[in-house]
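As they're listed, the protein sequences go chains H and L. For the first sequence, my numbering assigns the number 339 to the initial residue and increments by one for each residue that follows. For the second sequence, my numbering assigns the number 4 to the initial residue and increments by one for each residue that follows.
Where hints are given, some of them may not hold.
[To be verified] Going by beta-carbon spacing under 7 Å, a handful of chain H positions derived as facing chain L:
#1 Val362
#2 Phe376
#3 Gly377
#4 Ser405
#5 Asp408
#6 Leu444
#7 Tyr454
[To be verified] Derived Cβ-Cβ restraints for the label pairs, each shown as a range:
#8 L:Gly44 with H:Gln388: 20 to 26 Å
#9 L:Gly83 with H:Glu402: 46 to 52 Å
#10 H:Val362 with L:Trp84: 44 to 50 Å
#11 L:Arg38 with H:Lys383: 27 to 33 Å
#12 H:Ile463 with L:His69: 15 to 21 Å
#13 L:His69 with H:Gln388: 43 to 49 Å
#14 H:Ala462 with L:Ser72: 51 to 57 Å
#15 L:Val16 with H:Ile463: 49 to 55 Å
#16 L:Glu23 with H:Arg449: 43 to 49 Å
Hints in this document: simulated from the structure, not taken from any laboratory. Note that the structure is predicted; figures quoted are calculated from it, not measured. From the three backbone atoms N, C-alpha and C, an ideal C-beta is built for every residue, glycine too.
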Amino acid sequence: VDLPIKAGHQPAPEIIMQIERSLVRGVVVVRIDGRFEFGTRNEYKRLIGQIVQEGYRRLVLDLEGVSFLDSSAIGLLLLTDQNFKLKKGIFSLVRPTGYVRQVIELANLPRVIPVYESLDDALAIGVEQDDQPAIRLPAS
Amino acid sequence: MTPAASISNMRWVQQVSATEAGIAEARQRAVHALRWAGLDGQHLFFLELCLHEALVNALVHGVYEHGASHIRLSCDVYAGWVRVSVEDDGNRFDELSVETPRVDEHPKGGRGLFLIHTFMSRVIPLPSGGGICMELDLNRNVPSSFRSILPIEESRSGLAN
């Protein structure tokens, strides 16, 4: 079959990944848009590593804008959760949608990592002590 | 669900550059071709996921770990079925025998194959050893069953069945 690609049509450019962090009521909220997968794992690892190093013990990952999620992302979510649990912190997911939600559910993640329908619900869950970073790094 | 009757038959083969950028480009082109054939919705999403997982496996286990230098991707759409094959020339183990990891384990691999087995109708090892062939029945919703949910406790299930 003579596909449109051979005729010179190219696939439309796709949004790879946008990742940004904010602080909401003392809790770090990371929002991901686009593809969360093998090819974008290093951006996620870099940002989460930075947040862990800064000593925060609460992290909410907003997945509303994620259009694609693979097994690498599932592995990273489980590692992030393990990391926060070791520090007696809380890691949670918010608003996975559509097929991404289906993948998360089939992988049994909600049995390990709390998944909330709204940011408010996720923020309402407390930690054992305060919400401040356990370690404060000097501002650079 | 894409109505199978509205799907065009096609065959799409490409040699994939054995790099991260190469597999991303191959995946994007294959999805474009599948969309051109008329697939959309859940069929397209889960086909993209599974062919992506197979390409990542070929890159990581075939190229990086076992010295493969070539990856070949083919997609066939015919009579209400889609067949996707990803082959590499690395000398590696029978990947279909990899056990499904528990959800709270952090293994080197296995989750990608779990997703492939969950969302595809049939998974067939390739005679050449390095690679995987998977088929999706477009007349059924995916996943066709929930038998493959990642175990969370003691029980472990092999993927080959």
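Verification of the hints:
1. For the restraint placing Val362 of chain H at the interface with chain L, the shortest Cβ-Cβ distance is roughly 28 Å, beyond the 7 Å limit, so the hint is violated.
2. Satisfaction of the interface hint for Phe376 of chain H is found here, the shortest Cβ-Cβ separation to chain L being roughly 5 Å, below the 7 Å cut-off.
3. Because the smallest distance between the Cβ of Gly377 of chain H and any Cβ of chain L comes to about 5 Å, under 7 Å, the interface hint for this residue holds.
4. About 9 Å separates the beta-carbon of Ser405 of chain H from the nearest beta-carbon of chain L, more than 7 Å, and the hint is not met.
5. Interface restraint check for Asp408 of chain H: the shortest CB-CB distance to chain L comes to about 6 Å, inside 7 Å, so the restraint holds.
6. This hint holds: Leu444 of chain H has a C-beta 6 Å from the nearest C-beta of chain L, less than the 7 Å allowed.
7. Taken as an interface hint, Tyr454 of chain H does not check out: its beta carbon lies about 19 Å from the nearest beta carbon of chain L, beyond 7 Å.
8. Roughly 37 Å separates the CB atoms of Gly44 of chain L and Gln388 of chain H, a value that falls outside the hinted 20 to 26 Å.
9. With their beta carbons about 34 Å apart, Gly83 of chain L and Glu402 of chain H fall outside the hinted range of 46 to 52 Å.
10. At about 48 Å, the CB distance of Val362 of chain H to Trp84 of chain L agrees with the hint of 44 to 50 Å.
11. Between Arg38 of chain L and Lys383 of chain H, the C-beta spacing of about 31 Å keeps the proposed range 27 to 33 Å intact.
12. A hinted range of 15 to 21 Å is violated for the C-beta pair Ile463 of chain H and His69 of chain L, which are about 45 Å apart.
13. The hinted range of 43 to 49 Å is not satisfied by His69 of chain L and Gln388 of chain H, whose Cβ atoms lie roughly 34 Å apart.
14. Separated by about 53 Å at the C-beta atoms, Ala462 of chain H and Ser72 of chain L satisfy the suggested range of 51 to 57 Å.
15. Checked against the hint of 49 to 55 Å, the C-beta distance between Val16 of chain L and Ile463 of chain H comes to roughly 50 Å, which is consistent with it.
16. Separation of Glu23 of chain L from Arg449 of chain H is about 31 Å and departs from the stated range, judged on CB atoms against 43 to 49 Å.
In summary, the structure is inconsistent with hints 1, 4, 7, 8, 9, 12, 13 and 16 from the numbered list given earlier, while agreeing with the others.
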